[in-house]
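There are 4 protein chains.
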Amino acid sequence: MALKTPQQFLDTLNDGRVVYCDGERVPDVTKHPILKITNNWVAMDYVMSNDPKYQDLLTDIDEDGDRVAFALQPQRTREDLLRLREVVKLWARATFGKPSGAKFVAKDGLNAVTVVSRRVDKKFGTNYAANVEAYRKYLQKNDLAFAMGLTDVKGDRGLRPSQQVQHKDFYLRIVEERPDGIIVSGAKAHISQVTACNEVLIAPCHAMKEDDKDYAVAFAIPVNAKGITMISTQPEVAPGYSLFDHPITGSVFINDALITFENVFIPNDRIFLKGEWEFAGDMAVMFANFHRLSAETYKAVELELVTGAAVLMAEYNGIEKKAHVREKLTWLTMYTEMVEILGKAAVEQSVKEEDSDLVYPNPMIANICKYQFADNWHTATKYLQDIAGGIVATAPSAKDFFNPETRPLIEKYLGGSARVSTEDRLRMIKLVKDIGSSYEDVLTIHAEGSLEAQKLSIMLLGDYERYKAAAMRAAQIKNKKEHPLFADLPKFPPKL
Amino acid sequence: MALKTPQQFLDTLNDGRVVYCDGERVPDVTKHPILKITNNWVAMDYVMSNDPKYQDLLTDIDEDGDRVAFALQPQRTREDLLRLREVVKLWARATFGKPSGAKFVAKDGLNAVTVVSRRVDKKFGTNYAANVEAYRKYLQKNDLAFAMGLTDVKGDRGLRPSQQVQHKDFYLRIVEERPDGIIVSGAKAHISQVTACNEVLIAPCHAMKEDDKDYAVAFAIPVNAKGITMISTQPEVAPGYSLFDHPITGSVFINDALITFENVFIPNDRIFLKGEWEFAGDMAVMFANFHRLSAETYKAVELELVTGAAVLMAEYNGIEKKAHVREKLTWLTMYTEMVEILGKAAVEQSVKEEDSDLVYPNPMIANICKYQFADNWHTATKYLQDIAGGIVATAPSAKDFFNPETRPLIEKYLGGSARVSTEDRLRMIKLVKDIGSSYEDVLTIHAEGSLEAQKLSIMLLGDYERYKAAAMRAAQIKNKKEHPLFADLPKFPPKL
Amino acid sequence: MALKTPQQFLDTLNDGRVVYCDGERVPDVTKHPILKITNNWVAMDYVMSNDPKYQDLLTDIDEDGDRVAFALQPQRTREDLLRLREVVKLWARATFGKPSGAKFVAKDGLNAVTVVSRRVDKKFGTNYAANVEAYRKYLQKNDLAFAMGLTDVKGDRGLRPSQQVQHKDFYLRIVEERPDGIIVSGAKAHISQVTACNEVLIAPCHAMKEDDKDYAVAFAIPVNAKGITMISTQPEVAPGYSLFDHPITGSVFINDALITFENVFIPNDRIFLKGEWEFAGDMAVMFANFHRLSAETYKAVELELVTGAAVLMAEYNGIEKKAHVREKLTWLTMYTEMVEILGKAAVEQSVKEEDSDLVYPNPMIANICKYQFADNWHTATKYLQDIAGGIVATAPSAKDFFNPETRPLIEKYLGGSARVSTEDRLRMIKLVKDIGSSYEDVLTIHAEGSLEAQKLSIMLLGDYERYKAAAMRAAQIKNKKEHPLFADLPKFPPKL
Amino acid sequence: MALKTPQQFLDTLNDGRVVYCDGERVPDVTKHPILKITNNWVAMDYVMSNDPKYQDLLTDIDEDGDRVAFALQPQRTREDLLRLREVVKLWARATFGKPSGAKFVAKDGLNAVTVVSRRVDKKFGTNYAANVEAYRKYLQKNDLAFAMGLTDVKGDRGLRPSQQVQHKDFYLRIVEERPDGIIVSGAKAHISQVTACNEVLIAPCHAMKEDDKDYAVAFAIPVNAKGITMISTQPEVAPGYSLFDHPITGSVFINDALITFENVFIPNDRIFLKGEWEFAGDMAVMFANFHRLSAETYKAVELELVTGAAVLMAEYNGIEKKAHVREKLTWLTMYTEMVEILGKAAVEQSVKEEDSDLVYPNPMIANICKYQFADNWHTATKYLQDIAGGIVATAPSAKDFFNPETRPLIEKYLGGSARVSTEDRLRMIKLVKDIGSSYEDVLTIHAEGSLEAQKLSIMLLGDYERYKAAAMRAAQIKNKKEHPLFADLPKFPPKL
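Chains as they are written, first to last, in the working numbering: chain L, 1 to 496; chain Z, 1001 to 1496; chain V, 2001 to 2496; chain S, 3001 to 3496.
One or more hints might be untrue.
Claimed, not checked - The calculated BS3-like cross-link candidates involving lysine-lysine, where the alpha carbons are at most 30 angstroms apart (straight line), are:
1) 1480(Z) to 2321(V)
2) 2455(V) to 2481(V)
3) 3399(S) to 321(L)
4) 480(L) to 3399(S)
5) 495(L) to 478(L)
6) 3274(S) to 3399(S)
As the list claims (entries may be wrong) - Simulated restraints on C-beta separations:
7) 491(L) to 2024(V): 29 to 37 angstroms
8) 3379(S) to 2419(V): 44 to 52 angstroms
9) 3078(S) to 180(L): 52 to 60 angstroms
10) 180(L) to 1419(Z): 39 to 47 angstroms
11) 56(L) to 3487(S): 54 to 62 angstroms
12) 2419(V) to 1269(Z): 19 to 27 angstroms
13) 2460(V) to 1165(Z): 54 to 62 angstroms
Keep in mind that the hints were calculated from the coordinates and are not lab data. Every residue, glycine too, gets a C-beta built ideally from N, C-alpha and C.
Model the full structure from these sequences, guided by the hints.
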């Protein structure tokens, strides 16, 4: 076997999967005008891994001599992580800041189950690790696209899975055990690009207690398995959309669908956790640990696009020398670079996972990186919109621009600086509109963990004993728990 | 004559006007699926002024015994302004925070030309004030809807009107004077609801120099006048849209169109400024002075909706007791109330215009109010989206919800707290999505003057002599320009 | 009797009171080099009320024909509150932003006990209201300075008064009841200007439960009563200080002392609450309600000084035209004016207290005002320091400036713009240093209630039913609790 | 020769230098009660480099077998910079966050003149590089303390050196050239620890034009040279101060003095620039490049102390579990760690200087690091003060605490949580007061370059072509200047 071509990949998607989009059952996702956006965006993974220019970066030769995706290899060193950053940057640069997703999210889930399955096997004598390794090999050999199903729909956020009132399926669970496998029901929400994937990898989204043991389940399954239904996100564009009007939303439809499971059968060799509730939390934590590299890397790439749009709009409007504009562009530059610096630093100071031979980015740094990105996004769009002007809200559509009756008027009146064509100015205006969408805003603060999740992590990771030792020393307070960094310091102020 | 009914008003709109929308010439705006949104929203003015519950607030009986819109009466006292605030609030509450616009914007332009025409007549012996008064009467007697055309398209923002390079029409101008009137060409951008109005009132958007005297022109004209073309803003919704998915964008389409003038004839009695370039700036300033009441009043009403959505999403998700949620709701409450308090204070401390018998809100307070509203908007949407959750980005469409095949799955899995139906939760999620749109963001910071414009006004209005006197007194520095508030104060510290 | 002269007032302070300052018992506060700063600052109240220029504003003629302080009159109308604002502004302007305190704080406590004593009498048939009225009359007739003792020292903030572990006196309490009065012990912290007052008025600082009834006590007592000890705040300046170096800290020493009570006897006619624990919370709340006028009014006066210092430093350094400086000055202007506008609006929308004939500022507005002031202070000092330059940290002392050996060098080298003398520039630099002190920072965020207290109030005062009604209407959700502002609105979008 | 002992170093300071402090000429700085704070703080460099525990880190053996300070060695590799960070951290941890300054600042000036002298020699055939090398050797062999004199006093900030009006010495300049050297006059401001140093290194603070060539001068000279006068910063503490009350200000007095030059002779072999005005700007830029490592490294150490104080005050007050306190501690943790991460990343991505064999931190990262530190400081002190409480402003002095008459009252009433002694709580309160001082605030935003300087650097360093290329690709705009990162990317969306 070998890498799939883009067309080979696309052919796999017409496999009987049950997908709904905007009120209709989609008979063949490869022919649907909106779902094709997702398919083609995911297919970019295959376009690039078949491109000799990028193949050395994106692929490895495995022990059988087959070319396999580097993203599916386990990362064992800081250098692997640095290379993975380059992979993610390439994916993101190629596709307007949002990395093509054939393996982008779920590879981190695969690493998470790799780590946790070893822990479970060690404690309970189970055999999940072998299942995971076989699955990894299967994915590599078949060059499959797979999605990660982590987030349950949750119902009342104040109640645990087994406490839910309306029904018991707000978290995905085992409803029956059979000799050859298990039957599961439930749903996972916000499952990026799942309609354009071959497989979905499922794991619990947070820690469980013993009562919740039926919910402690992890497995992988083809998305066309019987009992699975995918309901697409409401599309941002309608059929017949124009890329001029929708440069991003017309190119990238992540389609973070709802995927529901009604009595779906999972064979034994695809199960990675089955009732060992003590390890449910580990799954979520380890996924986050690995996924931070991917998440934080593409943000900086996305921001270069945002900052670039601001610089260009300033030039196109002829206001790039104005003091307030320079101030805003400086802020955007700092924001862009800071996310890149922090993302890289997290990898430079990567952490070795104890129960495996895998490494992942420094969690404190990675959380700060994500927080800085997400917390500042709305300020960035404010600055971008401020520079671009009210025309972002009021511009006519591409159809008006290309209508020969109105084009001369638009050409004449919506021009800006003489250095740029009206068409280019309008294209940039439309890009600014897409960047500031409600969809982007929400993605920014919720994808890869909310702002509150990052704050919680940072609080838990703080080195409080060090901080306290420093303050006590300065205040001349005796520290009962001497801290190694401060214990041996000479007296200050000195007696001289 | 009397007030128009909603239907009478709508009938006036099919008058041969030249309107384009999304690439097509619209033969009759009253039949266009998207432009009808604008028409019906504007018609709410007529719905309410014909409603006995609101008629006392919204209308007056004029000297002829006719019932006329209060909004078209000149405001002469603080009490008039307080009543006008109630009018604007009613308009805004009825239409989801965006006041129905039959007179909402242009009434402030009418007051501006009222003031400035008197100044011009006084200096040059012209007769513009009479034209304005006749026009005001005409509007009142016919209960017309009219739009305000202030903002020129501007071309290169670094060049004055007469300096523009590509062509000379980046600002609307007089191209020919005739005995019976003038011929004008050019364009105005972002002209709210103009496609659903009867008339448009045109004035310069900033100060001019002598070279620019052809651009110093103000007048009013029916929008179906020969030579006028209106090109609609790209719609936010497509035909067949659902109010469930688009509760605001499906109800309010302000349609801030581009309106172009190709050799349009303006008769003498409709001209309010014609070459008196020294007064061009006054037009823009006075419009802003009057319009601040309208602008700042509806913002607070819009914010109650935003804050309400946040409170409800917190409850629907079952997280309203969480500390970070309470913190955000408190911030939203403060933001909402502060805009209301500042808007009201601006009216309480209203200013008498010297060259007329009109009053307008205190400019310092009104500018601060607008700035606080606009500068904090993106933080507000961030908090709202944070509370609402990622589902704002990923929810399926109304068609999926109402599709009997998928409805049971959505009902089951997208429920939140048991206290609320899935349908209500989804409706609120869609409202949150609409609130955070790129369109809303841009409207917030650019409509009624940009953030930089407010900062400039605040800087110019600062009472620096008072501030400096206070600091010099404390620093024991002799103040050569004694300030009345400080000159007589007893020595401090005292000699006792 | 009549108003006291400043000297008559100062003479009353040598009355045997037990005061400690910087490690020493002070035999006579009127002779102490640092405590005199407090005395003279408080005496400014007497300087001004004896000044014919201000007497009409500051005083009234009572029913006996005596001239009494207006501040001690009960405020019954909005106009009274507006006058009180003028009084506070005058006090604050005269004394560098910090109102001279003979009655400044405690008058609000007097109003609080006025209200609450009536409530207690009504419920329990007690006779406290008469005690309060007699005390008010006594203060008026003798023109006394009095301090407000509200804040207990609190010990562990997580425990109620009766739960405290180390001892039971962390909150002031009744230790014995006698026929002629009570014996109290405990302490109150941060008691502004108490060392320069004649009397102190004591009330509980928050709500109590039944277990805490001994702590539900309010009374007034001369500060030289047996058993009272006052321990001064550590002074900011040392004897021999220079006003040049310390323009504010050398003129105003609020001396928020610790006042301790060791078995102090309180006679019956000075008791305003004695064990009626249900009303302890009312005392604190009503004090806050009244005190907000005082607190919010002087802040805006203080800010004019801060902003003035920034404007002057910009001019003295020759940088007032720089874009970033203009931006910062604009921000400071907005901050200054916003606090003034909000403070005034709170009074314009004042609230009638139900159980008395008193009025107080609108609590929502007053809390927002205080929050905006306090939350932005550190940004204001950052901007001020940024404009003033590093010299604020590194300037030599006044003694160097006035030393003939070094003066020529300082004159020569520390000059700025040629428009200003080096001396004036240095004076302003020293003022900037005083404004940014740790003391000022802490005063800003803690005096008159912390930021968290304001947030809590704002959260409690939010009009959530209105907000929710607005959002539900827009989302087309049926509101079971119809809201009056929304119930009658016409359907939108309309069927037309 | 060898390293000096602390006592040997202190002995060198009584050398006839002309120092004024608080109005008096200081005959011997080693005996002055306040200047001793500076001396002893600087002497900590000697304490530690003589301490076997730290000697390996702090010193190297030179080619002669002498032990010399590592800080005076040229840094040639990333590893050297990482070691230098450890040196600076040790210095900073030992002395409460402010690195002892015998070589801390001026070493970076030495590197700057090392680089620039080579450039000048190369262009003009001068021999400055040899002078610099000889001077470096002299400093090493004698283990001297030296200060950096960069910032001129500047007069009117809007005028260049030669344009100044009042006099021509607002920037230090050559007033005479002699065969054996030059005569200079002028002054440098904010010269940290200069009164406790042996030497001062002088360089221009910004770029010059040809008219300003007399101001393009760099040299080194002993501070006791004839004609030099140092005027100390006004001290923060008075003689007899207590470390309890002033834990930081009583331990560290940086004494950023004014140093004036009246016709001071500089011998030829100590001159590093003399009129080559084209290189004046390079001096300032290169100093900044090198100094960033020092500056950014100690900030993170200082912040651990600040955050530690906040954590401890929360515990001491019993409020560490409150939601708002946790939120603030989390913010402080992120702030502390982010400065550390950015500082380290700047070194990890260090830059090779072209005209020498030296390396320095990445300027973009280092500027962002400094900006983040300085811009957030005031928020940090606000949070710290918020947590610590009003007592920071109102606590009595150490003398009261240690006075047996008042100690029992203070012990009793100023206790907090039962887990901590009143003494420790008071010590921490005093530390918080010191941290929030005006001095600290100003130091934060002005030392090592102002916020505006960092913004300017970031703006200049932005990779705008990359940003623009990203935006143009997404907007489908043809980029005439193809960018290497984007030029080869496959078309997106793809044709599949």
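Checked hints:
Taking the CA atoms of residue 1480(Z) and residue 2321(V), the gap is about 22 angstroms. The hint holds against a cut of 30 angstroms. Of the supplied pair hints, the one linking residue 2455(V) and residue 2481(V) holds, its CA atoms being roughly 27 angstroms apart against a limit of 30 angstroms. Our distance criterion of 30 angstroms between C-alpha atoms is broken by residue 3399(S) and residue 321(L), whose separation comes to about 58 angstroms. Between residue 480(L) and residue 3399(S) the alpha-carbon distance is near 26 angstroms, which keeps this suggested pair within the 30 angstroms criterion.
A threshold of 30 angstroms between alpha carbons decides the hint, and for residue 495(L) with residue 478(L) the separation of about 18 angstroms falls inside it, so the pair holds. Note on residue 3274(S) and residue 3399(S): the hinted pairing is violated, with a Cα-Cα distance of about 55 angstroms set against a maximum of 30 angstroms. Checked against the hint of 29 to 37 angstroms, the C-beta distance between residue 491(L) and residue 2024(V) comes to roughly 31 angstroms, which is consistent with it. Taking the beta carbon of each, residue 3379(S) and residue 2419(V) are about 35 angstroms apart, not inside 44 to 52 angstroms as hinted.
The hinted range of 52 to 60 angstroms is satisfied by residue 3078(S) and residue 180(L), whose Cβ atoms lie roughly 57 angstroms apart. The hinted window of 39 to 47 angstroms between residue 180(L) and residue 1419(Z) holds, with their beta carbons roughly 42 angstroms apart. The hinted range of 54 to 62 angstroms is not satisfied by residue 56(L) and residue 3487(S), whose Cβ atoms lie roughly 18 angstroms apart. Taking the beta carbon of each, residue 2419(V) and residue 1269(Z) are about 55 angstroms apart, not inside 19 to 27 angstroms as hinted.
Distance hint check for residue 2460(V) and residue 1165(Z): the Cβ-Cβ separation is about 60 angstroms, which falls inside the suggested range of 54 to 62 angstroms.
In summary, the numbered hints that this structure violates are 3, 6, 8, 11, 12.
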